[in-house]
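Model the full structure from these sequences, guided by the hints.
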Amino acid sequence: MSTSTDHGRPDPDATPSAQSPEGRPLSDRGDTVCVIGAGASGLTAIKNLREHGFGVDCYERETGVGGAWNWRHDRSPVYASTHLLSSKPFTQFPDFPMPDSWPDYPHHSQLLAYFERYADHFDLRSHVWFGTEVIRVEPAEGDRWDVTTRSTGGYGPERTSRYAAVVIANGHNWSPKLPRYEGLEEFRGEIMHASSYKDPAQLRGKRVLVVGAGNTGCDIAVEAAQQASRCWHSTRRGYWYAPKYVLGRPADQVNDALLAMRVPLRVRQWLYHWTLRLTVGDLTRFGLPKPDHRVYETHPIANSQLVYYVGHGGIGPVPDLARFRPYAVELADGREIDPDLVIFATGYLPRFEFLDASVFGDSAGTGRPTLWLNAFTPGHPTLAVAGLVQPDSGMFTLAHWQTVLFARLLRARRDRPERAAAFASRVRDRAGERYSGQVKDSSRHWFEVGHADYLRAVQRALHDLEAK
Amino acid sequence: MTELRIMRGREWSRPVRPARREVLSAVPEVEEGRPPLLFVPGFGHGAWAFAEHWLGHAASRGFPAYALSLRGHGGSEPAPEATLRAYAHDVVQVAASLPRQAVLVGHGAGALVVAHALARYPARGAVLVAPVFGGWGMVSTALRRNPAGTLPAVFGGPLRLSRAQLFSRELPDEEARRYVARLGRAGRRAQWALLGEPEAEPAVGTPPVLVLGSPDDRVVPASTLTRIARRYGSAPLLFPGMGHDLMLDARWAEPIDAILDWLEKEPAAR
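Sequence lines, in order, name chains Y and C. Residue numbering for the first sequence is 0 to 467, as defined by numbering that gives the first Met the number 0. Residue numbering for the second sequence is 0 to 269, as defined by numbering that gives the first Met the number 0.
In short, the hints are calculated from the structure, not lab data. Glycine included, each C-beta is placed from N, C-alpha and C at the ideal position. Hints may be right or wrong, so weigh each one.
The calculated label-pair distances, taken between Cβ atoms and stated as ranges, are [claimed, not checked]:
#	chain 1	residue 1	chain 2	residue 2	range
1	Y	Ser125	C	Ala221	50 to 56 Å
2	Y	Asp428	C	Pro266	39 to 45 Å
3	Y	Arg71	C	Pro266	34 to 40 Å
4	Y	Arg71	C	Glu265	36 to 42 Å
5	C	Ala221	Y	Ala139	42 to 48 Å
6	C	Pro197	Y	Gln109	31 to 37 Å
7	C	Pro197	Y	Ser174	45 to 51 Å
8	C	Glu265	Y	Ala256	40 to 46 Å
9	Y	Arg71	C	Ala221	54 to 60 Å
10	Y	Lys467	C	Val29	47 to 53 Å
11	C	Glu263	Y	Asp463	38 to 44 Å
Calculated pairs, SDA-like style, for lysine to any residue (alpha carbon to alpha carbon, straight line, at most 20 Å) [unchecked claim]:
#	chain 1	residue 1	chain 2	residue 2
12	Y	Lys467	C	Gly8
13	Y	Lys289	Y	Arg276
14	Y	Lys243	C	Pro201
15	Y	Lys467	C	Gln164
16	Y	Lys467	C	Glu200
17	Y	Lys197	Y	Leu177
18	Y	Lys197	Y	His171
Here are some of the chain Y residues that sit facing chain C, going by a computed Cβ distance under 8 Å [unchecked claim]:
#	residue
19	Glu50
20	Pro102
21	Pro105
22	Gly449
23	Asp452
Given below as structure tokens:
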């Protein structure tokens with residue numbers, strides 16, 4: 000196996016140059032695998048591919064590791080008070096635990112420290128080209144890939160290298176999704192997407208409208224309740240606001256005790272509703288809309304403080320927005336409110352601008368690739384996406400196992416091609432499979448996965464790949 | 000090829016409760032880029048057992064060396080109800096806190112703890128020194144050789160290892176007595192785990208594993224050393240004339256030099 004990046008920094012120029020079919024100069028990287036992005040998913044991809052004996056070149060557009068969790072990065076969505084939503088056991092990589100001394104729900108700065116330590120512990124930085132962005136990924140002969148890069152910001156020449164395989168780990172929480180409303184352009188107040196929200200000082204003394212009941216929207220509404228002179232929180236439907244602790248323990252750990260016992264969904268829903276009734280109570284009493292779905296049917300919201308601040312009058316729940324006027328916002332129920340700052344916590348859209356959408360089975364360009372296990376593409380056995388999941392728990396464990404599976408698939412292509420072929424046919428047959436039970440169909444939920452269902456599916460895939 | 004276990008319901012829903020741990024270390028004056036070693040003492044022993052000779056010796060040969068006391072041992076927090084799982088957690092926590100990927104070195108039942116930790120942490124390599132993996136064969140040997148010290152442990156009492164089990168006659172009596180007096184005890188639930196032979200999950204990252212011990216060890220028979228070494232695809236490295244506590248016995252330098260030589264030669268562990 001060629002491992003030209005085994006020691007020291009990667010050096011694509013070390014290999015003899017060839018030419019692409021279009022006549023571009025090309026450096027052939029042999030069996031090396033290309034990883035796009037050095038965030039959580041990219042780092043675990045580098046580590047696991049290296050552990051399975053592959054050379055790796057990783058391209059990272061920023062100058063440090065951590066991706067979304069590195070607040071210095073342009074595309075980082077974290078704000079000063081961001082804390083984890085899933086407790087430590089669900090968040091950490093399964094083979095590199097977070098320190099015992101950390102709290103159940105660490106702060107984002109601790110998470111960045113964790114990724115930096117992970118990168119140093121496993122000596123991953125020497126495989127990363129920082130300040131380099133990928134601008135094109137194209138299929139080449141023999142299931143290989145031509146990856147074109149240039150320095151971030153567009154300086155310097157483009158460079159094309161040919162790789163044996165590619166792991167796309169460019170993250171999906173950086174391209175803001177903004178809703179359209181009538182009159183939005185004429186609105187004279189300030190408008191921002193949650194991606195630009197960094198610090199509670201941005202809210203101080205203002206009349207704030209927060210739109211969206213994702214976890215970010217709820218967190219910002221809670222901060223606005225403490226900092227702003229007035230806060231409205233607009234949600235399209237009623238949601239279940241789960242506390243972060245039940246029975247004195249992180250709620251996800253209690254929930255997983257039930258999952259481990261394979262308690263059926265209906266029973267878990269009943270228990271969950273019952274627990275919420277005991278801890279949070281009847282939300283309609285607070286003026287919040289009644290949820291139109293059962294728990295586990297939308298991405299879970301973990302927020303112990305929202306209901307508390309609604310109860311204190313710090314947050315005024317309001318329905319969906321109807322239209323904007325120059326100095327006011329009209330709500331769906333006909334009321335008008337007059338915020339001077341509107342924050343759209345309306346989520347993000349995954350984007351893969353460096354790749355032809357048809358490679359992903361998305362010829363219609365809907366932005367929703369058709370993948371198996373949210374990672375593998377029909378017809379392209381050497382391409383994987385890491386971390387394109389919206390789990391009901393932490394994501395890094397899932398990305399870890401995705402990349403382990405991919406590393407073992409690449410090994411099987413060499414050692415047991417019949418197994419790799421069987422895997423490829425499963426990818427073709429089962430692309431688009433879901434792992435989340437019955438959830439709402441929206442751009443926020445199409446890649447929603449239940450961590451237990453998903454990891455069991457990965458376990459089966461690994462077992463099938465490696466069965467004697 | 001090993002099958003990995005992905006679903007870890009118990010780890011997720013019932014994580015091990017944190018405990019304060021003692022970690023002793025000796026690091027070389029000049030960083031030579033060698034992998035750090037993490038020494039894991041067996042039941043009853045603390046980090047002190049390695050601090051006597053091995054830590055300093057490893058550092059003098061350029062290896063950053065660390066030793067921890069499992070919870071309930073040495074200077075770590077008392078933990079009478081500790082389980083094998085909690086001990087493995089202690090090892091993984093300390094290993095992950097080291098600046099670089101570590102080599103785990105377990106002695107006695109500490110080797111069993113290391114075998115379990117290897118399923119949770121991709122060590123650069125592992126060394127099992129006089130490994131105690133439990134099982135009725137080992138328990139009956141211990142009962143035969145030291146009934147008064149072993150029998151209470153079967154019923155949840157302390158396990159008391161004798162001087163004759165731990166050291167060769169070459170070690171001066173006074174030193175041996177001092178060491179025996181420092182021995183503590185493991186949690187009874189962890190001790191009970193040794194009655195069976197708790198099977199460890201496959202290691203992650205396929206680290207190279209070295210097994211070493213003494214044919215004159217009065218705790219671990221030579222046949223057990225061979226069996227455990229075979230499990231990891233090798234043969235044991237033997238040091239005749241030494242007792243169970245190779246790191247404290249009179250000729251302590253020989254085994255540690257052999258371990259460091261192996262690490263220098265083993266490509267995967269470098």
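Hint-by-hint comparison with the structure:
1. Y/Ser125 and C/Ala221 have their C-beta atoms about 43 Å apart, which leaves the hinted 50 to 56 Å range violated.
2. Checked against the hint of 39 to 45 Å, the pair Y/Asp428 and C/Pro266 passes, with Cβ atoms roughly 41 Å apart.
3. At roughly 38 Å, the beta carbons of Y/Arg71 and C/Pro266 sit within the given window of 34 to 40 Å.
4. Y/Arg71 and C/Glu265 have their C-beta atoms about 39 Å apart, which keeps the hinted 36 to 42 Å range intact.
5. As the Cβ distance of C/Ala221 to Y/Ala139 is approximately 57 Å, the hint placing it in 42 to 48 Å is violated.
6. Here the CB-CB span from C/Pro197 to Y/Gln109 is close to 33 Å, well matched to the stated 31 to 37 Å.
7. At about 49 Å, the CB distance of C/Pro197 to Y/Ser174 agrees with the hint of 45 to 51 Å.
8. Take C/Glu265 and Y/Ala256: their Cβ atoms lie about 42 Å apart, and the range 40 to 46 Å holds.
9. In this structure, Y/Arg71 and C/Ala221 meet the distance hint of 54 to 60 Å, their C-beta atoms being roughly 58 Å apart.
10. Separation of Y/Lys467 from C/Val29 is about 49 Å and conforms to the stated range, judged on CB atoms against 47 to 53 Å.
11. The hinted range of 38 to 44 Å is satisfied by C/Glu263 and Y/Asp463, whose Cβ atoms lie roughly 40 Å apart.
12. For the proposed pair Y/Lys467 and C/Gly8, the alpha carbon gap of about 26 Å is over 20 Å, so the pair is violated.
13. Straight-line distance between C-alpha atoms of Y/Lys289 and Y/Arg276 comes to about 13 Å, which keeps the hinted pair within the 20 Å bound.
14. In summary, the hint linking Y/Lys243 to C/Pro201 is not supported, as the alpha carbons are separated by about 34 Å, beyond the 20 Å threshold.
15. Among the hinted pairs, Y/Lys467 with C/Gln164 is inconsistent with the structure: their alpha-carbon atoms are about 44 Å apart, more than 20 Å.
16. Proposed proximity of Y/Lys467 and C/Glu200 is supported: the alpha carbons are some 18 Å apart, at most 20 Å.
17. With a C-alpha separation of about 18 Å, the suggested pairing of Y/Lys197 with Y/Leu177 holds against the 20 Å cut-off.
18. Of the pairs offered as hints, the one joining Y/Lys197 and Y/His171 holds, with about 19 Å between alpha carbons and a cut-off of 20 Å not exceeded.
19. Because the beta carbon of Y/Glu50 sits about 5 Å from the nearest beta carbon in chain C, less than 8 Å, this interface hint is met.
20. A cut of 8 Å between beta carbons decides the hint on Y/Pro102: the least distance to chain C is about 11 Å, and the hint is violated.
21. The interface hint given for Y/Pro105 is violated, since its Cβ lies 14 Å from the closest Cβ of chain C, which is over the 8 Å cut-off.
22. Evaluation of the Y/Gly449 hint against chain C yields a violated restraint, the C-beta minimum of about 13 Å exceeding 8 Å.
23. With a cut of 8 Å, the hint placing Y/Asp452 at the interface with chain C is violated, because the nearest CB-to-CB distance is about 11 Å.
Of the numbered hints given earlier, the model fails hints 1, 5, 12, 14, 15, 20, 21, 22, 23; all others are met.
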